[in-house]
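Protein sequences appear in the order of chains A and B.
Positions 0 to 352 (numbering that gives the first Met the number 0) are the ones given, in order, by the first sequence.
Positions 0 to 399 (numbering that gives the first Met the number 0) are the ones given, in order, by the second sequence.
In short, the hints are calculated from the structure, not lab data.
One or more of the hints may lead you astray.
In the EDC-like style, the derived pairs of lysine to aspartate or glutamate whose C-alpha atoms are separated by at most 16 Å in a straight line are [as the list claims (entries may be wrong)]:
1. B:K211 <-> B:E358
2. B:K356 <-> B:D212
3. B:K97 <-> A:D227
4. A:K231 <-> B:D142
5. B:K203 <-> B:D295
6. B:K395 <-> B:D283
7. B:K97 <-> A:D243
8. B:K97 <-> A:D196
9. B:K354 <-> B:D371
10. A:K312 <-> A:D19
11. A:K224 <-> A:D242
12. A:K342 <-> B:D142
13. A:K312 <-> A:E22
14. B:K29 <-> B:E367
15. A:K91 <-> B:E113
16. A:K278 <-> A:E235
17. B:K356 <-> B:E311
18. A:K53 <-> A:E28
Pair ranges (Cβ atoms, derived) [said to hold, decoys possible]:
19. A:R283 <-> B:G174: 26 to 34 Å
20. B:K275 <-> A:D243: 51 to 59 Å
21. A:N341 <-> B:G310: 53 to 61 Å
22. A:N331 <-> B:G174: 23 to 31 Å
23. B:P281 <-> A:T174: 52 to 60 Å
24. A:K278 <-> B:I240: 35 to 43 Å
25. A:M0 <-> B:Q205: 45 to 53 Å
26. B:T361 <-> A:D243: 47 to 55 Å
27. B:G310 <-> A:Q98: 19 to 27 Å
28. A:I35 <-> B:T361: 48 to 56 Å
29. B:I240 <-> A:N313: 50 to 58 Å
30. A:T174 <-> B:P65: 23 to 31 Å
Every residue gets a Cβ at the ideal spot worked out from N, C-alpha and C, and that includes glycine.
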Amino acid sequence: MNLYIQAASQISIQEPLCEDWFEHPIFYEERYQRAIDPDFKMYIPPMVARRMGKLLKRALVTSSNVVENSATQKIDAIITGSGLGCIENTEKFLQAMVQEGEDFLQPTFFMQSTHNTISSQIALHLKCHGYNSTYSHRGTSFESGLLDAFQQISLQRIDNALVGGHDEMTPDYFTLLDQIGYWKKGAINSETLRNSDSDGSFSGETSVSFMIENRKKEFSLCEIKAVDLLYKPSIERMQTAVDDLLKNHHLTLQDIDSVFVGISGDVQNDTIYRTMKNKIFQNRPLCWYKHLFGESFSASGLGMYAAAICLQKNCIPEHLFYHPQKPMNGINNILVYNHFQNKDHSLILLSSC
Amino acid sequence: MSESIVVTGMGIVTALGNGKADTMNALQKKQTGIGKMRYLQTSHADLPVGEVKMSNEEMRDFLKIPADQITTRTPLMGMIALQEAAQQAEIITKRPKKMAFINGTTVGGMEQSELFYQDFFQGVHTEYIAMHDCGAGTEAIADTIGGFDLMTTISTACSSAANAVILGANLIKTGRVDVAVVGGTEGLSKFHLNGFNTLMILDKKQCKPFDKDRVGLNLGEGAAYIVLEKEQSALERNVPIICQLSGYANTCDAYHQTASSPDGEGAFLAMRDALKDAHLQPNDIDYINAHGTGTDNNDVSESAAIERIFGENAPFISSTKSFTGHTTSAAGGVEAVISILALQNNFIPVSLNFKNKMENSTFTPVTENITDKILHHILTNSFGFGGNDSSLIFSKFEQR
């Protein structure tokens, strides 16, 4: 089975719906960044958009974008990864209940509070009766959705899938996560976060969509060769997973041009990547992406996106390299490796096509 | 045709009791678990609910959870059900090579977050913040027995657990894991009780699925998991095979965020595709454990879909939500276990509280226990908000 990314689209803290970040990355000095939203009026009729939260609008725009750009006629599956789901609506209903009591609540926010609102609203707007699912598993929500699509395509249950990673960060949830040490204290410099020796990262937002399909088109960005999820793997187990993945695709470690990792400036988080680099990835160049996109539960989706764009452009820009080096041309294989709190780990192998 | 996916273990905890034996006993005696609210603190205490008859403290004691471990009701119930399933399938003593845990939930840690929400901002009870998201509970449940190589959480509202079954089966078919423990858990929360209440779909009395005068659902809570593996894996591990998962499908109604279409398109597609997946004809199905919430909308939509598949000759149908209440994200797991118990015991449980047939419906639900039929294939439906509709088919295991 071969599987290709036909189109990708993002709304994040970089310029939305384009690849400006590739040449002109935006760096930040505040630890909390909301996404740069496009002018939603251009994409969603105002009457429809009025009822939607920000996250839903972003998801709908990036989804429509990839469906259009890949010229997909019939979508077989819509799969979303979202660590927190529609948290803004959840908070609105929760706050009303906590502050005003249980007697005069309105259903609107509850109706759109469930995690599956994104996938189901996309289905509603694209009129798609096919497979529809939502994964909400911490920092590997996106990869869980990708794994589902990957498996169903390999089992020939479906030919294509619209896969997304969508997470917003509301001011209140930012504050709550701040209470438990998710974020750095005070000002930051996202460009130099790699040198950080303190806990916490800076907060971004993710909305990224991919159209994936089992046949190559002239505009395909790259091939997805493997997806793997591992829970609390030992170093040996991790080594076996990487070895198997390479062996299955007749590759050696030297064929991997770069390993894209979720280094975020949080020393506890980053230590795991350094250990893996020393023990498993050895001399392969590391690239990072969270200095561009910030931390969020589905940020790994943007990691895969950045890797896919590099493969398409056949170049990794200077600013993505964790250890400074010149841009790299002639890219064939990128391994995207992510972990969440050293419990949930994921591997995605992308190759040029 | 690929090798059969078989079931080798089940665990369940609901308002009917703790474990398969209590569940079966209550079903046979036609004793509902729905009653007066005991544990949830809400101003809507007059609403009947299907609560698990244990406080969080009692569950912690039962599970021997260390005093310093922070946990909430949803994972506690999950731990109880997982232990029963793991024990039956002997996954700890006869370890498979690779094992997955796929959990369905939506409420996550909300049951504590809603109590401490304002405290959180003052820096009090912040230990519960990290337990709020769905995945946190999944990990806590899995870690009580350990040994899982792959894990994720599905959140498709009231079809979450059914979709966990589907992902687990696919993980086995692709050979990624040898065993998948799949299902879901959901504790009652003030949040979703109020949510359903604002939608005006809660019955203030015992729910009456498929009755002409039905007015809504009763919420329940619980957890249930089943253990899936290939026939070959069960033989190699030398564990008894309970039944097989012969087909499944997940479709989307794509009609409305919280309502089902009048013609039941999503439900129709889910049942049709599950039958196709199982290589079965509609008349092969002996019993449908319906989604049957007891809301005006669901029961009309599901009945329409059943008629589209089965015509005038619907198989036996009942909704065991009249016993357990609607256990939301856990429902697909709870009803999978009930369906498998029915299959094992050649026993069809009733729909309680049914009096009058719905207008234009082609069937009346089962109201007396049926024990004189040999059951071969059972279909169970789980439908959720957003039109997330899934159907599973369990069949008696036949060696090929």
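We went through each hint and held it up to the structure:
Simply put, K211 (chain B) and E358 (chain B) have alpha-carbon atoms about 7 Å apart, close enough for the 16 Å limit, and the pair holds. With a C-alpha separation of about 9 Å, the suggested pairing of K356 (chain B) with D212 (chain B) holds against the 16 Å cut-off. Between K97 (chain B) and D227 (chain A) the CA atoms are separated by roughly 13 Å; this keeps the pair inside 16 Å, and the hint holds. Restraint check for K231 (chain A) and D142 (chain B): satisfied, since their Cα atoms lie roughly 10 Å apart, inside the 16 Å limit.
Our distance criterion of 16 Å between C-alpha atoms is met by K203 (chain B) and D295 (chain B), whose separation comes to about 14 Å. With a C-alpha separation of about 12 Å, the suggested pairing of K395 (chain B) with D283 (chain B) holds against the 16 Å cut-off. A distance of roughly 14 Å separates the Cα atoms of K97 (chain B) and D243 (chain A); the hinted pair therefore holds under the 16 Å criterion. Our distance criterion of 16 Å between C-alpha atoms is broken by K97 (chain B) and D196 (chain A), whose separation comes to about 37 Å.
Restraint check: the Cα-Cα separation between K354 (chain B) and D371 (chain B) comes to about 23 Å, which exceeds 16 Å; the hinted pair is violated. Taken as a hint, the K312 (chain A) and D19 (chain A) pair is honoured in the structure, with Cα atoms around 13 Å apart against an allowance of 16 Å. Under the criterion of a C-alpha separation no larger than 16 Å, the hint pairing K224 (chain A) with D242 (chain A) is consistent with the structure, at around 14 Å. Only pairs whose Cα atoms come within 16 Å are accepted, and K342 (chain A) paired with D142 (chain B) is accepted, the gap being roughly 11 Å.
A C-alpha spacing of about 12 Å is found between K312 (chain A) and E22 (chain A), which places the hinted pair at or below 16 Å, so the restraint holds. Between the alpha carbons of K29 (chain B) and E367 (chain B) the distance comes to roughly 9 Å, so the proposed pair stays at or under 16 Å and holds. Pair hint K91 (chain A) plus E113 (chain B) holds up; C-alpha atoms about 12 Å apart against a cutoff of 16 Å. Distance hint between K278 (chain A) and E235 (chain A) is fulfilled; the C-alpha atoms sit about 10 Å from each other, no more than 16 Å.
With a CA separation close to 14 Å, the supplied pair K356 (chain B) and E311 (chain B) stays within the 16 Å bound. For the given pair, K53 (chain A) sits about 23 Å from E28 (chain A) by alpha-carbon distance, which is inconsistent with the 16 Å threshold. Look at R283 (chain A) against G174 (chain B): about 28 Å separates their beta carbons, and that is inside 26 to 34 Å. For K275 (chain B) and D243 (chain A), the Cβ-Cβ distance of about 34 Å falls outside the hinted range of 51 to 59 Å, so the restraint is violated.
Roughly 55 Å separates the CB atoms of N341 (chain A) and G310 (chain B), a value that falls within the hinted 53 to 61 Å. A beta carbon spacing of about 27 Å between N331 (chain A) and G174 (chain B) agrees with the range 23 to 31 Å that was offered as a hint. Range check, P281 (chain B) to T174 (chain A): about 54 Å between beta-carbon atoms, so the 52 to 60 Å window is met. Checked against the given bound of 35 to 43 Å, the beta carbons of K278 (chain A) and I240 (chain B), roughly 41 Å apart, stay inside it.
Taking 45 to 53 Å as the suggested C-beta distance range, the pair M0 (chain A) and Q205 (chain B) conforms, at roughly 50 Å. Hint check: T361 (chain B) to D243 (chain A), Cβ distance near 52 Å, so the stated range 47 to 55 Å holds. Checked against the hint of 19 to 27 Å, the pair G310 (chain B) and Q98 (chain A) fails, with Cβ atoms roughly 52 Å apart. Here the CB-CB span from I35 (chain A) to T361 (chain B) is close to 54 Å, well matched to the stated 48 to 56 Å.
Between I240 (chain B) and N313 (chain A) the beta carbon distance is about 52 Å. The supplied range of 50 to 58 Å therefore holds. For the hinted restraint 23 to 31 Å between T174 (chain A) and P65 (chain B), the CB-CB distance of approximately 30 Å keeps it satisfied.
Checked against the numbered hints above, the structure breaks hints 8, 9, 18, 20 and 27 and satisfies the rest.
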